[in-house]
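J.: So you can see what is in the structure, the chains are spelled out below.
2 protein chains.
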Amino acid sequence: MARRSPGRAATPRGRSQDERAGASVERSGADRSSARRSRAGGSRSAGERSAGSAPRGREWQSIEVLRGLLATASTSHARTRPLLGIGDDAAILAAPRGPTLVWTIDGSVEGVHFRRDWLSLQDVGWRATHAAVSDVAAMGARPVAALCHLVLPSTLTAAELKQLGRGQAAAAQELACPVIGGNVSSGPRLELATTVLGEVPPRRVALTRGGARPGDELWLLGDVGLAAAGQRALQAGVSLRGLGACVAAWRRPHARVTDGLALQGRATACIDVSDGLVGDAGHLARASGVALVLEQERLGPVLVALAGAARRLGRSALELALWGGEDYALLATGPTSRRPAEARPIGKVEAGAGVWLETD
Amino acid sequence: MARRSPGRAATPRGRSQDERAGASVERSGADRSSARRSRAGGSRSAGERSAGSAPRGREWQSIEVLRGLLATASTSHARTRPLLGIGDDAAILAAPRGPTLVWTIDGSVEGVHFRRDWLSLQDVGWRATHAAVSDVAAMGARPVAALCHLVLPSTLTAAELKQLGRGQAAAAQELACPVIGGNVSSGPRLELATTVLGEVPPRRVALTRGGARPGDELWLLGDVGLAAAGQRALQAGVSLRGLGACVAAWRRPHARVTDGLALQGRATACIDVSDGLVGDAGHLARASGVALVLEQERLGPVLVALAGAARRLGRSALELALWGGEDYALLATGPTSRRPAEARPIGKVEAGAGVWLETD
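Protein chains in written order, with my numbering: chain A, 1 to 360; chain B, 1 to 360.
Calculated from the structure, these hints are not laboratory results. Each hint should be verified, as a subset may be incorrect.
Stated by the list, open to error - Reference excerpt, derived from the structure (chain B facing chain A, CB under 7 Å, subset only):
| # | residue |
| --- | --- |
| 1 | L66 |
| 2 | L69 |
| 3 | A95 |
| 4 | G107 |
| 5 | V112 |
| 6 | L121 |
| 7 | R142 |
| 8 | T157 |
| 9 | A176 |
| 10 | S185 |
| 11 | E199 |
| 12 | L240 |
Stated by the list, open to error - For each label pair, taking beta carbons as the anchor points, the in silico distance ranges come out as:
| # | chain 1 | residue 1 | chain 2 | residue 2 | range |
| --- | --- | --- | --- | --- | --- |
| 13 | A | G314 | B | S154 | 23 to 33 Å |
| 14 | B | A341 | A | S120 | 54 to 64 Å |
| 15 | A | R213 | B | S154 | 35 to 45 Å |
| 16 | B | R116 | A | P345 | 43 to 53 Å |
| 17 | B | P153 | A | R97 | 42 to 52 Å |
Cβ coordinates follow ideal geometry from the N, Cα and C atoms, glycine included.
Only chain A is shown next, with the shape it has when bound in the complex (with noise of 0.2 Å):
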């Protein structure tokens, strides 16, 4: 009998760090306070929560707050108009004559995302970079250039600067994305503030959160939970033999462009999973307006590539996969037929709310 419920096998994830408004919003913890359901047990009503279907928290409130007080705020009388504002992985943007553009703004901050004996400062500058960037993929945009806030502390040395700065070269590199400018200042922590202009391809339309329709697959392109099983190998302290793929998958992700591009005209809705599939799947849902239902039997290639992993930490590969986030996969709906190559079926969209799991 397959039965659903919601996030039936994570345990708390804890306060996530880090809350996106408006160009990227809604990425809390996911609520997990609603009892466990079953298809057939169960009866599922509209007005019930379930997993990743209501992002919680401190910052989710303060979004919510500046929301208000923003939306409406002003115009401006330039011919570039906002065409979607706070809510998404990007703010789109558009001229009369002029391609449509997405423009994201993400931050790294010192002991709040990252550890300096975790990464080093290549690693700093480049993750910085690939995770601006891939709110930019998640929008089916290509990126056009980068501009970067920099807070150095006092202590930092000009060799290790370099490194940081390395690290954002190289990213740059790989995924053709120029910086082009910023700004420095002195300051007791390092502190990165990235933002990234991206192009919507001619003829296309940036993909959003929105856009699911019941009777779409849900896929996943990407891997998940790989990048949570590092950082806690990292917090844990434990050695990292046979652990490597996951350490490099949290110090050096990679922004999908190519994945986020190879949606357009297939896609009807696209998230980055940043901060885990449940509560990046329950932003989706909820922008769309629809249920998701990831199949546990569809993610089993994930949960084996999940599995020694879980084993050494002492988690499960299902909860690794379902909460783990910062890997930068993408997770998109769309139709069966139109499914891209690089594109793994995890789910489907129904109608209703909230994000369930169905097990075998």
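Could you slot chain B onto chain A? The hints should help.
T.: Structure of chain B alone, referenced to chain A:
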């Protein structure tokens, strides 16, 4: 006899807290190490340093390190292309048929750029937004929209966050620059990184720092020295009686978007005065490969406006005018015949290098 000296009335302004790369570079304190010069008594060779010609300090070195690493690191595959990268107030981008865009990022860090006992949270939001938009104004562009990355300390209440958002919203309203998205993180100190896109009017080009020509006039649009007087009054803890205008100038600066647009078709170069007249004139002189001569006589009305505050603070009005930053005036160059009504002539452009003060 007209005498010229590089920043002769100046005292050290203190270490620059903020240094811009790329979108906005070279805002460090100017070099004041050179000897006094006068037009009659000393020869001025191109190789000699003068005030404002060589930004210094750690931030400046940081930018040079990053510029070398990032400038040639990659090329975008998008149609929207960077026309100007590291080295001006903002980067410049253009698509084949789209409008020319300018793009900047600016940071505001508690304990570095502001103290919360000197500013209300509304002021903090207002200042951060105006400071970022000022870079767009200096390029002769109108703002399109902004994104903001916020780092919020856990002690910040929802009511306090609302105050911050209200300051941003009020600035957005005044500037016709909607804040359409962003990102929220937790962290120990309040920080804002604001990125702004601007659009150059049709059939115009962005104003840069690099177009000043010998024979041009030097123009000032807006006040200088008032904000520095206000900040120093707060810093010194003196009574603010009679200093209200100065404190307001520091707490609530105004990006001069209308003035920037008025310079279109008239100015040959432009920069915003965030680090002080001598410092920013130095950046413009260097980018243009010219000497800028400030004429003390023409600064008369500026100095009169600063006289009262200077007395109260035990400083000279000339010092405040030359070295006080954060008023966000615009400093531009252009032919006398094309000087807009908003511009006050304060000097001239000559062949050579550096910034010079011509006394009566």
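J.: Kindly indicate which numbered hints from before are broken by the structure, ordering the numbers from low to high.
T.: Violated: hints 6, 8 and 12.
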